[in-house]
Every structure is written in C-alpha cells, then in structure tokens.
Amino acid sequence: MALYLLDTPVRLTWDFSTDPPSHAGNQLEVARHIADGGVFFVTLQGQPLLQSNIGELLRCLTAGGCQVLIACSGTAVELSNLAQVSTPIHQLLLDAARFIDVRNGVDTTLLQQAVQALRAIGYDPALMLTPQRRNLHLIPEFLRFCRDNKVGRFKLPNANIGDSFREYSTADLPRHQDLELFRKLWAESPQPTSELPALDIHDLFLWEILVPGQLQARSEYGGCQAGNSLGHVDLYGMVHPCAAWPEPLGNLVAESLFEVWSSPARFTVREQISVMPVGCRDCCDIASCLGGCRGLSRRLNQAEGERDLMCPGPRRQNPVS
Amino acid sequence: MNKPQRNPEIVWRVEKRRQAEVLKALEAGEDADNRGTVILIQSGMMHQLNLVGGMIWERCDGQRTLVEIADEMATEFAVERSELEADVHEFVTDLIKRGWLIND
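Residue numbers (numbering that gives the first Met the number 0), protein chains in the order written: chain F, 0 to 320; chain S, 0 to 103.
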C-alpha cells in the first residue's frame, strides 16, 4: 500500500534551540495540540531541558500517547533538570557537537564523562551528530567511541537550515564534494568492525557509504515525508513541513495539528514533492532515492535542478548491481 | 485463540480523513481493499491496515472473543456470517504470527 496523505504527522521535531520564550502557556498549548494530533514520536531538539516548564510539557505529551525523544548536550544544568523528570523518555540523544574541539577533534574524555553522568541518573543515551562539512571526518572516531563505550545507537539526522530558521546558516551544510572526501577518508581509515552501534542515518548518500551494498534494504522508503508523516515545530509554535523545509503552514498556538495538516499550504508542499526534480532525470537509482532531501535541495540547489545536495549527479549505471 | 490483544509496543492510530474517503468510495461501489485507514509502527517500520483490517484491529482489545468481533463486524458489512468469521480468524492468525497481536 502506498503511503497516502496522513491526517497529521507521525514524527515531529520541536525546536528549543534559542532563548526560551516567555510564553510558557503557549508552549503548553502547542504540546496539547501535538498530543491531540496523535503524533507517535516527538523529538525535542536544541536545549529543551533548559526550559523551565519541561516537566509540564513532557507530562502533556506523554499523557497524550506521544513517545518523546530529547536532545541534550550533557551539561550540568541539563543533567540536574533531567534528574527531576519523572516522565518516561523514549530516547535521550546526546548531541555530539559540544564534544568537538576545532583543533583537537573529539574530546572523548568529556564525552565519556557525559555518557557516564547520564547513565548514573538512569538514562542510556544514543549519540547524535548532525552532519556538517566540518564534522564529517569525525564520524569514524565517534563510531569507535560508541563501540568502546557501548553506546547502542548513533544517529545522524538531516542537517537543518539555521536555528529556528532565523538565519540560513548554510555554509556548513555538506555537499557532494564533501561527501566524496569523506568516502575516501572512510575507505582509508581503520573502521570499527565489531559491536558497531545501530546506525540511524537520514541521508541516503551518507548511508550508502556507511552501510554499503544494501540499497535494497531501503525498499520501504517512500520518499521525502516532509509535510506528511514528518513535520517540524519551531520555537514559536509555527509548523513547517520538516526541519529542512522552512515554510510556515500554521501555528499550533491557535490551531489544531489536524487543521494545520488540512491547510492548502500543506497540500501544496506535497504536490511540490510529487514532482520529480529536474536534476534527477535519467538517474537509475531514482526509485530508491526519490529525490532525497527535498527541503534542502529545493532551497539551496536550484542550480543543479533541485538535486539532493549530497548527490553528485544522475547515475547511469547502478553501482549496486 | 480466545481474546486477541494488540501488542502494547505497537503505536497506532485511525486515519479519520482517509477512513471517511474509503467509506465514501465503498458507497460508490469502488474497490477500497488497497487503501489504508489505520497506520501502525512496529520496530520503526510503518504499516497500514485497510478498512476491514483496521476495524478488526480496533476491536482486538483483549476483551472481545473472535466470535464477538465477528458479531460486531456483521452489523457493518453485508457478508455471509461464516465468511466473515473465517476472514476475522485468518486476519488475526496472520497478525499473531507477525507479533502484532498477542493471543490471550
């Protein structure tokens, strides 16, 4: 059965990446609307544990049946706040960005301390690294860290566009040239071969490198789910098709999620996604890739016919076969 | 097989807009077997159930027997009772094998 247009998203990211707003009541209203919308998984990203009303937000979401994932940087304040949380958390995502030193690479000592501190208060964190040009080369090191410290999951989500879309910090978004450099690095570096963590990789092209020869394993992939099973809520309750597609569809302070997902703007997004990018024409892998990340490519890669930023060009011969 | 129950690890919901569309299509005499009205996620994978499957799934709450489920379904569909009971049995058996339902 093909995936049809859903009533509401199945997965939502909710951004808390900048200064906490003073409208805590609005946040609670947003949480209520998310819970009422029947969303299965809500990822609170940025620094949600710094929100003064985080306990109330979590109670509201979980009471409505949402499974909540929380990103954190493992700071002392976050740990202290987390220790006060009594609501079950589906998964805690330790953001690896804080542990990267521009000059010295990964600060594994600090990272290890953060993992141990989270375990000490009852959490078994997954590691999360948002791929950027400046951190792709650190992926092997993080994988080794996961293996050595028995971190069971390594998540590589898609890159977002800016913090709450306030500014388009696109310079760090990886392009296919960066991925090619990483491919060579990955081939040459000693790779952890045993007890690897479960990999949760959003980008197809990065996934192909890290999990080679298994393109068919993504047969369940139904293409870009922005504005369908996937959605994003910014700091102000505004709903977007996904974290990489900054286009306001409606605001959860004033509307239900079902109403936002019934808006003409949402259906327009899905119509846009249904049109295959010009830059993907004649590609033999289009049935597997389905155009990749349409939000980033639509905004940032008009020059290459809206092809995925990580894709070097249409493939004439399937490298898997 | 007595009172089948949904695996509590599976998250699911009824797609109301889609369900209304399917009911409308059925009234118009169209085939809607291949249209999902219930979505569920098991082990990170999303699956869909069609209208009949979704109605059985909703009733698998650990309280109803297969006969009771078939009784309720009979009020919704103009189908031979024996055929309906067989369909419910077949569907529930398949979902127990998949681990989506737990047999009480």
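Everything labelled a hint here was simulated from the structure, so no lab data went into it. The structure presented is a predicted model; accordingly, all values stated were derived computationally and were not measured. A portion of the hints provided could be inaccurate.
What the hints assert, rightly or not - Distance condition first, Cα-Cα at most 20 Å in a straight line; then the derived SDA-like pairs of lysine to any residue:
no., chain 1, residue 1, chain 2, residue 2
1, S, Lys23, F, Arg280
2, F, Lys149, F, Leu91
3, S, Lys15, F, Asp35
Cross-check of the supplied hints:
| no. | hint | in the structure |
| --- | --- | --- |
| 1 | S/Lys23 / F/Arg280 | violated (37 Å) |
| 2 | F/Lys149 / F/Leu91 | holds (15 Å) |
| 3 | S/Lys15 / F/Asp35 | holds (13 Å) |
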